[in-house]
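Model the full assembly from the supplied sequences, consistent with the hints where possible.
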Amino acid sequence: MVFEPLISVNKFILNASLQDFLLESVLGVVFLWCLYSWRKKKHSALSLEEEEEIIRNWHPEPLVSSSEPPIDRDPANYPLVTSKVDVITQINGKNFLNFASHNYYGFAANPTVEKRVIDCLHKYGVGTCGPRGFYGTLDIHLNLEQKLADFMGMEEAALYSYGFSAVASAISAYAKKPDIIFADEKVNFRIQKGLDASRSTIVFFKHNDMDDLKAKLEEQRKKDLKNPSKAKKIRRFCIIEGIYMNTGNICKLPEIVALCTEYKLRVFVDESISLFTIGKTGRGVTEYFNIPTTEVDLIMGSLEFSLGSGGGFVIGTSYVVEQQRLSGLGYCFSASLAPILTEAGMAAIEVLEQDAKLKDELSSKCRYIDEQLRKLLSDFFSVSGHEESPIKHLFLVVSLPRDEEETILKSIVKYCFKRNIILSMPTYLDKEVFMPRPSILLTINVAVSTSQISEMCSVLKDACTQVCFRQKLVFASQ
Amino acid sequence: MSYLTVENAKTLIQNGHATKCPPAKNGFITNALHDSKASKDMCNGSISNGNGAFHHSKKEQPLTILSRLNVMSSNLFYFFWKHFRRLFSRHSSKSKPHLNGSACKMQESHSDPDEWKSRESFEAPSVYVVATTMLGFTMVMLLNALSRFIYAPKVAVENKNRKGYAPLYNKFDLFYSQYVYRRVKDCWNRPICSVPGVEVELKDRVSHDSNWTFQFSGTTSKCINLGSYNYLGFAENSGPSIEAVKETIKTYGVSLCSSPSEYGLSPLHFELEKLTARFLGVDDAIIFGMGFGTNVLNLPCILSEGCLVFSDEKNHASLILSLRLSKASITVFKHNNMKDLERKLRTAIIKGQPKTGKPWKKILVIVEGVYSMEGSIVHLPQLLKLKEKYKVYLYVDEAHSVGALGPGGRGVTEYFGIDPKKIDILMGTFTKSFNAAGGYLAGSQEVIDYIRRNSHGTHYAPSMSPPIMRQISTTMQIIMGEDGTDEGQRRIGQLRKNIRYFRQKLHQIGVIIFGNDNSPVVPLMVYLFSKLHIVLKEFKERNVAVVGVGFPAAPLYMGRLRFCISAGHTKEQLDTAIGIIAEFADQFGLKYSKKPRFEGEIKYEDVKV
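Residue numbers (the numbering used here), protein chains in the order written: chain V, 1 to 478; chain W, 1001 to 1609.
To be clear, the hints were calculated from the coordinates, so they are not data collected in a lab.
Glycine included, each C-beta is placed from N, C-alpha and C at the ideal position.
Please note that the accuracy of each hint is not assured.
Mimicking BS3-like on lysine-lysine, the simulated pairs with C-alpha atoms at most 30 Å apart in a straight line are [stated by the list, open to error]:
{"hint": "1", "chain 1": "V", "residue 1": "Lys-214", "chain 2": "W", "residue 2": "Lys-1160"}
{"hint": "2", "chain 1": "W", "residue 1": "Lys-1185", "chain 2": "W", "residue 2": "Lys-1540"}
{"hint": "3", "chain 1": "V", "residue 1": "Lys-226", "chain 2": "V", "residue 2": "Lys-214"}
{"hint": "4", "chain 1": "V", "residue 1": "Lys-418", "chain 2": "W", "residue 2": "Lys-1250"}
{"hint": "5", "chain 1": "W", "residue 1": "Lys-1163", "chain 2": "V", "residue 2": "Lys-222"}
{"hint": "6", "chain 1": "V", "residue 1": "Lys-94", "chain 2": "V", "residue 2": "Lys-418"}
Over 10 Å on every C-beta distance to chain V, these chain W residues come out as not near it, computed from the model [said to hold, decoys possible]:
{"hint": "7", "residue": "Leu-1143"}
{"hint": "8", "residue": "Asn-1237"}
{"hint": "9", "residue": "Arg-1542"}
{"hint": "10", "residue": "Asn-1543"}
{"hint": "11", "residue": "Phe-1598"}
Encoded structure:
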């Protein structure tokens, strides 16, 4: 019957000895292999000579495109810092009034911090010789993590050895390919790289524009209705900055939290600048807007700006932060934060906690500068930045083509440099998603005096008039 | 319940998982070249005996359907296994079987006098080991799944206000981290409270809730440190470099609070960059504040769409991440397998870009000097031949090799006696041999200038901390002998001797160790997940700090211990560690190696470097 051949095949297999079976299978495999390689040969009809020909004729582009002249590497032509960074900083041996370094509390030159760092150096040496998992976890790392978590009243913190990788790794540890991230279009480059690494769908909304965010969320909701079961599994994140690095503006946290609760988005806030500088006791935007920290899923920050040290961190609930320790790439696979930088950060937070006035002083200085800038320089610059923000961006009042704006700002900065004041002009790469407008970045140090501030303002004003005269440019007010 | 995994390990060990290797027979050693074949036959023999038993029973009694299926499947299994085994043992069959000590010398009459430099070993485990490891892992998973069902403490749960949100983690990841990894968590992330030098002080901790949380018991234990990447033994808290660093802190503070493109440069930057370039023997170098970041911040700016990258399958996470960030196409080739690379290179160049068929803009091959998980050294001479023939560019990550390889500590190029200028981009970190932090890129003036202009690091990240730069320049000068002493040479010599001695001794014990004979990273294969845990625990009890690598950092069934040898280790410290390893190898059955062993005594003084 029909089954007979099948049965006989079965019998044949079962009765065959091992050797027979092997032989037959080997023959079978050889046959298949021949068939396969024959087919393959047919597909790639090139002979060896032809292949070699193609390989010989392939000429790659140079590794780097070198249309630009070599960089001048003579140290004499660079503004080199030759002292500690403080209100008065030495550049090439000369004293300058510093409005360019992110050292809001002056911890980079604080004697208390310095003493503790040296003590730490004598105990732990300089490096950690390993990642956190492999004997690179020092007790002071754990103490600082605990301190940060306690400071924010949250459960856990994880310390990174670099501020850049803290932000970039934190995002990609949670957001994966199928997920959706809503991000402000002015987010800094670190966040942009984190977004790239996550490979999620990214939706940018207009800077601090809640209506736009709402519209985009609504749009997404409509899309979700088409496939509700799939939509349920898509993680959604909203990524913003506390104080935006590129504009100095503060985020609209209350509205964001309300929207995110409504649309079930998790909120990640990069508080690199706002933490320690904003809020009644310096606990960042959540304190400033009086929003419970439980509403925010992850706070990312850095020891580089306010604390005058190095490294980054994330703070959140244990449930969330634990994941960093397993899949935050910059956490697991990088050597841990150098002990001296850890200790510098720790000492800085402790000084900040002991001296509550420091924070108020910084805020009042920031407000004062904001006032002065708006009063004295409104003819030339539009000041961007929240009044309490320690960074202010000065954009030109009139908008010109990008390179013209750049030249004007550069000459203003150069003029100020000649008058012994350093201001910085943030440089951007063309890889930015939305290229920020050129600006002068002012950073505020708590120890700067009112006379120094007025000096800076008057020099800046001089610079503008000088430069404008030379460039023969007409400003809106003139 | 809390010790399920440990118990599991113990039962498996008792059930004879500990495959005791038969003592090396006579003739094995003399006939070294046929070693791999002999061991294979031995292995196959044991299995075919097992199958033979089935055959006999088949003829004697009628078979049930089940037993028929059984026979069929075992036949099939045997057949396929033979082929799979060949695939598994790809590396070992190609690498020359090698002996240590005196036996080694017999083989060195090879045509290429430098052949020994690339000699490496990846001995494949037997079928039995793989099968039991898989079984062990399945058991761990099953028992823990059961455990989750019975016992689910309310530790680290999601906030209540996140109800109804899409789950943050996928179910398997959460299960793995909470129920599988958590059980062995006590063996990782152990906090230390001293310099991570040759000896390290661990802060003891206990867990009262099976590793959900830890408490410090208040005591510390001093251990021999075989876990830190302290290759040249510079992890110290006193000495010339520490004094120099102290002075720098007093002059510059710990941070310049600005990026290099703004006001983040100091004279130290220029000094260090020049020194690094001189040390490596290339035109120029650029430094960054984080080693991991050196890859991540810079590779994306070199690569663009239409570029093709060949990346070794064992490349470090930072390289993988940076490739993900760049828009280039990526092809992975088998670990250190130049034939595979060549084959893939040919196909790629011939076929061009997918869909369009346009030729690739440029092809970059990314390898590491020393692979940190495999202990192997890149086959640079062969790679350079490929580079010349196929006009590809070469990026060598020397994170683990700079300082640790070569007679002058200049890394893998010096080790093979190759001109460093032949390599397009040399990357390395200062974290390991220099006991500092950060990384560098070095190469021709043109390339480094381009990176200086376009790197994410120069524009968006703060510059390197001055005291850390000082540490690097001081230690680098010591290595170069520019401090007026031969301290650097002494350290390099000591490291090489320690590596050779340690590797030879381990080999003699009969454990499987991976990698090159001269690599400071020594992975010792343990395979089984639970076994790894118990071995690590016992090492801690005996005051030796070692690193264990399990899934997901290593393949599922390739759990391993990893030792990092330092120039600071004394013979006594190494002997203590070796003694303990030998003891554990017996106790826990780690003698998997089927290679012939050198039976004489290996003397520290006689070790050739």
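To see whether the hints hold, each was checked on the structure:
Restraint check: the Cα-Cα separation between Lys-214/V and Lys-1160/W comes to about 24 Å, which is no more than 30 Å; the hinted pair holds. Proximity of Lys-1185/W to Lys-1540/W is assessed by CA-CA distance (about 14 Å); at most 30 Å being required, the pair is judged to hold. This hinted pair checks out: Lys-226/V and Lys-214/V have alpha carbons roughly 19 Å apart, not beyond 30 Å. For the hint pairing Lys-418/V with Lys-1250/W, the CA-to-CA distance comes to about 28 Å; that is within 30 Å, so the pair holds.
At most 30 Å may separate the alpha-carbon atoms for a hinted pair to count; Lys-1163/W and Lys-222/V meet this at roughly 22 Å. For the suggested pair Lys-94/V and Lys-418/V, the alpha carbons sit about 11 Å apart, so the restraint of at most 30 Å is met. The beta carbon of Leu-1143/W sits about 21 Å from the closest Cβ of chain V, which is more than 10 Å, so the claim that it is off the interface holds. At the 10 Å boundary, the C-beta of Asn-1237/W falls inside the reach of chain V, the nearest C-beta of that chain being 5 Å off.
Interface exclusion of Arg-1542/W from chain V stands, the closest Cβ pair being 16 Å apart, more than 10 Å. Annotated as non-interface, Asn-1543/W keeps its C-beta farther than 10 Å from every C-beta of chain V; the closest such distance is 13 Å. Phe-1598/W, annotated as away from the interface, keeps every beta carbon of chain V farther than 10 Å; the closest lies near 31 Å.
When each numbered hint is compared with the structure, a violation occurs for hint 8 only.
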